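**Q** Residues per chain, in single letters:
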Amino acid sequence: MKNKIIMFWAIVILTIISIAIIKIKPIPLGLDLVGGSRIVLEAQTTENISKITQDMMDGLKTALENRVNALGVSETMVQQMGDRRLLIEIPNVSDPKLAREFLGETAELEFKKPILDENGNTVGWESSGLSGEDLSKAAVGTDSAGRWLITLEFNNKGAAKFAKLTREFKGYPIAIYFNGESISEPVVQQEITAGHAQITGDFTHDGAKKIVDFLNAGALPVPAKIIEENTVGPTLGADSLDKSKFAGIVGLGAVMLFMVFWYRVPGLIADIALIIYSLIVFAIFKMIPVTLTLAGIAGFILSIGMAVDANILIFERTKEELKSGRTLFTAINAGFDRAFTSIFDSNMSTIITCAILYFLGSNIVKGFALTLAIGVMVSMFSAITVTKNFMHLMFGTGQLKHPALFGLKESDINEAYEATETKREKAKFGVLD
Amino acid sequence: MSYSVLNTKKIIDVVKYRWVWLTLSFILLLPGFIAMIWSMKVYPTHSPLLVGIDFTGGTIIQYSLNEDVSTQKIGEIRTKLLAKDIENPVIQVLKPVASDSESAIKNILSIRTQFSETGQNESIDKVSEIITADYPDAQIVQVSSVGPVLGKQLFVNSMIAVALALLGIVIYLTLRFHLEFALVAFFALFHDVLFVIGVFSILGLLYGVHIDSLFVTAILTVLGFSVHDTIVVFDRIRENLKFYSKKASYDDIVNASVNQTLARSINTSLTTLITLGALYFFGGVTTKDFVLVMILGIAIGTYSSIFFASTLVALWNDISIAKKAKAVN
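From first to last, the protein sequence lines stand for chains A and B. One point on numbering: in the numbering used here, the residue at position 306 of the first sequence is 306, and numbering is uninterrupted. One point on numbering: in the numbering used here, the residue at position 175 of the second sequence is 175, and numbering is uninterrupted.
To be clear, the hints were calculated from the coordinates, so they are not data collected in a lab.
With a Cα cut of at most 25 Å, we get these calculated DMTMM-like pairs of lysine to aspartate or glutamate:
hint, chain 1, residue 1, chain 2, residue 2
1, A, LYS210, B, GLU122
2, B, LYS84, A, GLU101
3, A, LYS113, A, GLU191
4, B, LYS9, A, ASP337
5, A, LYS97, B, GLU122
6, B, LYS126, A, GLU181
Selected chain B positions facing chain A (Cβ under 8 Å, derived; list incomplete):
hint, residue
7, VAL141
8, GLN142
9, ILE169
10, TYR172
11, GLN260
12, ARG264
13, LEU270
14, THR272
15, LEU279
Keep in mind that this is a model prediction, so the values were computed, not measured. For every residue, glycine included, the Cβ atom is placed at its ideal position computed from N, Cα and C.
Put together the whole structure using the sequences plus the hints.
**A** This is the structure:
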């Protein structure tokens, strides 16, 4: 009996710790609940780039991180998936279109020199070798007339290239291309050696700002294409969260009522165990931390079903053992012991499926598998250890005086034990510790 | 009256009426099976189910609306979309559960179209223009798009996941029980999955319900659950065989085991169905189909563990006894 009391206090302490963790740590919510964009980009091979290397991916990641940061939202994430894909998560994005535009463009800035015919007329443009890579900084500014323009500051290498270009083509136009489109074609007035330049064009403030953000973030080392996108508006996210919470509470409440109705006192004990179970599971979610998504919540609610299943198995078995005339104490022990193999085997098969889902599934599926697996593992503890402990403390030893406590009728119970029992089992179920 | 295998109250006789139960299973599976074959003939993809953008690639844009949308209006929107070169638009109106909160969304207009490699923003803008012309208060609540290459990969991965999960379960059961139990459990799982896929095939034909990667997740969960139920019955058969194999016939043991676990099977399914029912009726609109798969799967899983798996176990035993008898003769 002493062991049982120690166990009881251990359970109480564990519960208090769980509540404390739940109170202290916030739970991160997935994009489908808070709203936001989830975008998968894939690096593309081109004529010049036949193979995507890890260096390119690192460069791509840095450039995209810079761009995402320029959006000015917190808790963004850029993460590599596989060999040539990047996953980008932007929570609370107000304009998904902006994000989409921002990520997909390569943002190549190029200065082009004119191809001149014998009369000195410009007949076309060719690369001058000066590009966005030679920039150290770009900014939005205005000229004396108040028009928007872009100021560029070159690094040393860029300044030298720019000086050479302006010296060579003094009096001729040069072209500034952005993403393959000419945005300005100024005529060179004089050689510029200071490493500064201005792009005047027909810019709006937003247009100029966008180009500047792109230039500062850096061009993508390889072109990248959006291959998957999922954007959830904040209203839908809040709606889903509210509804899932409500559904969870209704579901849990209904199950608890059912248990009390069907199993009476043991049902009530199972309900308390279920509350402890929920607290422990949530504490674990927060400690890992598990980002809670809709699928994750579904996994958790499902694991409640499995936790209850374990108790149903045990109680049904205990009832049977009581019916066949065992004493209360041995009936409870036999119920737990004999139901254990079923619980273990069935939970193992669930964990096997969860493991496969976790390693093979997409991100949504991963969240589901993780919460379900944690839930099933904790349920092995709560449904077996916690319930058993409470049952023993509640009922003690001796005969069952009021069968109604178990939802049984007086007439259901046999006088003496009649089931076949091995000696080993007798020792196992009938001895007090 | 004692409570043992020899005189368990027989509520259901699975062994005696086994042909009845097997026929019932057949009747349950038949409509779905026909729907799958029909779908394979009718759909351009030749798939037994309507496959969603997760697996084929495509874009879905969803708008929240405060007013109802008539069928006629849907037709008009489709015509306008087609006029603007939006390829194969599929328009659906989803009705979230009514709720009193102010943030609640009344209607969701969902538009499904092709994935555009280059002009993603442009085509979304085009659609939005058409929608907001008719419904000025419409707001984008969700945009999902998947490229066709990725879609194919997701599909292959999902199939691998299902196959591996089945294999894992069969191996585990072979280790813990016998191979014949594992194989019967496998047939029972197959039975359950076939039923759920069949129902979704019918739903696809009738209401245009598409399956996505959440569907596969739900199927995998159903596998886990259904094998739960089957294991509980098998575990009981295993236990009863240990104690009573000399006193009672195999058929009686199977029958008794099913009846002994009956209350548990029904109660467990009931509690799980209660939580799932709450999710279905009160939960978010995005998880509705997901929950429906599980409700169907758990209901059929309970049925199959009682009527299909145990019937097969008894049948298997009869056949092997008959074979042995033949060999002796």
